[in-house]
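Asker: Construct the complete structure from the given sequences, taking the supplied hints into account.
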Amino acid sequence: MEPVLVAVDVPELAHFAPAILDAANRFLTQDTAYLRPEDRQFLASAFKFSEAAHRGQMRHTGDPYISHPLAVASILTAWHLDAQALAAALLHDVMEDTGVSKLELTEKFGRHVAELVDGMSKIDKLEFQSKEEAQAENFRKMLLAMARDLRVILIKLADRLHNMRTMDAMREDKQKRIARETMEIYAPIANRIGLNSIYQELDDLSFKYLHPRRYDVLSKALKAARGNRREVVGKILDGIRLKLAEAGIEANVYGREKNLFSIYRKMLEKHLSFSEVFDIYGFRVLVKDVPTCYLALGVLHSLYKPIAGKFKDYIAIPKSNGYQSLHTTLFGPYGTPIEVQVRTQEMHRIADAGVASHWMYKSGDESFSEVQQKTHQWLQSLLELQTESGDAVEFLEHLKVDLFPEEVYVFTPKGKILSLPNGATCVDFAYAVHTDIGNCCIAAKVNHELVPLRTKLKNGDQVEIVTAAHAKPNPSWLTFVTTGKARSHIRHFLKTMRFEEAILLGERLLQQAVTSLVPTAQPINEEVWERWLKENNVRHRDEALSEIGLGKRLPVVMAKRLLQLSGQWLEEPGPGKRQNAVTIRGTEGMALQFARCCNPIPGDPIIGFFKKDQGLIIHTHDCPLLSGGRVDSDKLIDVEWDPQVARLFDVPVRVLAANERGALAAIAASISEANANIASVATQEQAGDERYIQIQFTLQVQDRVHLAQVMKRLRALPTVYRLHRSRNN
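Residue numbering for the sequence shown follows the UniProt record's numbering, starting at 1 and increasing by one per position.
Some hints here could point you the wrong way.
With beta-carbon atoms standing in for the labels, derived distance ranges [as the list claims (entries may be wrong)]:
{"no.": "1", "residue 1": "686", "residue 2": "644", "range": "36 to 46 Å"}
{"no.": "2", "residue 1": "504", "residue 2": "724", "range": "34 to 44 Å"}
{"no.": "3", "residue 1": "684", "residue 2": "540", "range": "49 to 59 Å"}
{"no.": "4", "residue 1": "458", "residue 2": "642", "range": "43 to 53 Å"}
{"no.": "5", "residue 1": "169", "residue 2": "434", "range": "41 to 51 Å"}
{"no.": "6", "residue 1": "611", "residue 2": "644", "range": "19 to 29 Å"}
{"no.": "7", "residue 1": "106", "residue 2": "180", "range": "33 to 43 Å"}
{"no.": "8", "residue 1": "564", "residue 2": "423", "range": "49 to 59 Å"}
{"no.": "9", "residue 1": "476", "residue 2": "434", "range": "20 to 30 Å"}
Using 25 Å as the maximum straight-line C-alpha spacing, the simulated PhoX-like pairs for lysine-lysine come out as follows [said to hold, decoys possible]:
{"no.": "10", "residue 1": "258", "residue 2": "208"}
{"no.": "11", "residue 1": "208", "residue 2": "270"}
{"no.": "12", "residue 1": "270", "residue 2": "312"}
{"no.": "13", "residue 1": "176", "residue 2": "258"}
{"no.": "14", "residue 1": "288", "residue 2": "243"}
{"no.": "15", "residue 1": "266", "residue 2": "176"}
{"no.": "16", "residue 1": "223", "residue 2": "243"}
{"no.": "17", "residue 1": "472", "residue 2": "456"}
{"no.": "18", "residue 1": "243", "residue 2": "305"}
{"no.": "19", "residue 1": "258", "residue 2": "305"}
Source of the hints: derived by calculation from the structure; they are not laboratory data.
Beta carbons are placed, not taken as given, at the ideal position from N, Cα and C, and that holds for glycine.
Answerer: What follows is the structure in structure tokens.
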């Protein structure tokens with residue numbers, strides 16, 4: 001039957017091709033039949049205005065430009081969008097391409113339509129330095145408007161879909177650029193808001209232009225497979241329908257073909273050839289309510305055996321975009337895997353149209369559906385992100401992060417965007433910029449504020465690294481960095497630095513051991529060294545010296561053997577004979593460490609202890625860990641402080657003070673006046689007596705005399721009752 005034409009004021013279009021005339025009449029009659037007559041009259045006015053504004057403009061395809069907004073509006077009628085949205089679709093390019101103002105649109109079609117068209121407008125009267133920035137600004141405007149009115153994204157996606165459908169006339173480089181943009185930005189947005197059919201078509205069209213040869217080969221193979229597999233599909237459909245009918249379940253059963261790109265993605269991910277992809281067909285069972293979904297699932301599992309681990313219940317736990325279904329994979333006839341979805345009619349509408357289902361099946365009230373609320377919350381979060389962003393490029397990266405949450409996007413001070421894994425820290429960022437920046441970093445600023453280097457970065461952070469020429473990586477960084485690059489460079493640097501420092505310390509220790517055994521010993525020549533290296537299966541002298549520095553070899557044992565090989569007289573040290581002490585400056589690096597158990601400081605009698613792979617550890621003479629024969633005496637070595645030590649040392653001090661206001665402040669001021677630093681402080685109430693408080697300080701002092709001066713000042717305070725230097729063991 002011929003469609004009944006509505007009496008609308010359609011412009012004279014005799015100069016257009018019949019296809020355009022047919023499309024216009026179909027849109028204003030059949031496609032918009034769900035609208036009131038006055039709404040269709042309103043759309044006819046919008047169409048007339050758009051046609052006049054675009055008259056004389058042509059598309060790349062050779063069609064009049066009006067064919068594009070008309071097609072976009074027609075796509076939207078499938079979702080039963082209202083007259084305002086359809087009018088905005090018809091007018092969506094007039095502000096950008098024809099110079100029509102927002103004020104003029106407001107006067108002719110109302111504020112809401114003008115706002116929608118403004119949201120759709122691209123870069124209007126703005127100049128940008130790069131194409132990237134211009135594109136990002138376009139996305140920003142789109143998403144800002146989208147967050148205010150969900151209809152804008154629906155119009156934008158329909159606009160992109162029609163552009164993708166008609167790209168054949170464009171240059172190849174432009175096709176690829178638009179296809180990549182579609183796959184990276186628009187298809188994920190369509191998926192995120194539940195527009196499943198649009199998402200799949202955008203993916204397929206992007207695949208077609210990004211990989212045309214693969215697309216052609218795969219589409220031909222799929223076409224050939226349809227004939228070969230038609231019999232199998234028919235048998236499965238008949239079997240499912242019959243089994244459900246026997247169980248008394250009313251259901252609509254459909255066979256569907258997977259889209260090309262999803263088949264291609266599966267082939268890539270699982271390294272399959274096309275002939276090995278059996279589940280190119282899926283089956284969908286639509287029932288009346290949720291309990292029937294589970295009953296139907298039981299019937300399917302009795303018909304064909306389910307594959308273990310291939311069942312997903314998206315009804316109990318819906319996807320973030322509101323999608324609900326039961327998914328199961330079965331062993332079909334001839335061993336063919338069958339994917340089946342079971343859902344209700346309402347779930348099917350949401351799965352197909354997502355947030356657009358709000359307009360398609362609108363109830364009497366205007367309240368948001370659960371799906372639309374979730375989507376609206378996501379869009380509002382994007383709007384909040386944009387208000388914190390400095391420019392459009394940054395906002396685009398925020399969008400990408402929200403779609404792909406496994407990555408974090410941060411900015412250098414110059415605005416360059418770096419992609420890092422989720423959980424990356426300031427040190428990861430420093431190494432991502434450059435290895436030398438990472439090796440020399442000492443501090444970081446995030447959003448212009450100083451933060452610890454272990455701070456985890458968030459999307460949109462601007463990060464600045466503070467470096468120092470003589471800074472070095474800290475071994476503790478390995479406990480929090482996440483990127484492989486940072487980890488490998490830190491390990492490499494520490495290994496190299498430790499090796500070099502161990503060589504220098506080992507050389508000093510060996511020379512001291514030789515001198516203590518034979519005070520007049522001559523330098524060990526190359527020939528003796530070569531004999532010793534061969535005898536001990538060591539490749540190089542530096543390797544042997546580093547092993548001494550790292551505690552893997554005892555210097556006195558190595559010194560004895562070298563003196564023997566050189567033919568110099570050797571005398572065993574007698575009971576009262578003492579090796580010359582090695583002087584310690586405190587700046588020897590990683591090959592020498594100060595024990596945390598006793599915290600030696602200059603002025604304390606000290607002794608060195610070799611610990612394998614850690615080098616020389618310096619303890620106080622009276623350290624309990626070295627007393628009572630707990631350690632091998634061969635691993636001990638006499639050491640003494642260099643008179644010119646110029647660094648600060650940590651020392652723990654415990655104070656018992658009055659538990660009163662201002663006591664801690666007075667103590668801290670007194671420590672500062674004595675030119676000492678407070679590295680850390682911890683307090684706790686005295687057990688059984690609330691009048692006193694225990695304070696544990698870690699002070700940084702120059703030597704034992706400096707510590708005595710600090711403690712003398714503290715004892716003079718009326719709030720201090722008792723204090724002493726404490727040990728950590």
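Asker: List, from low to high, the hint numbers that the structure doesn't satisfy.
Answerer: Hint 16 alone not satisfied by this model.
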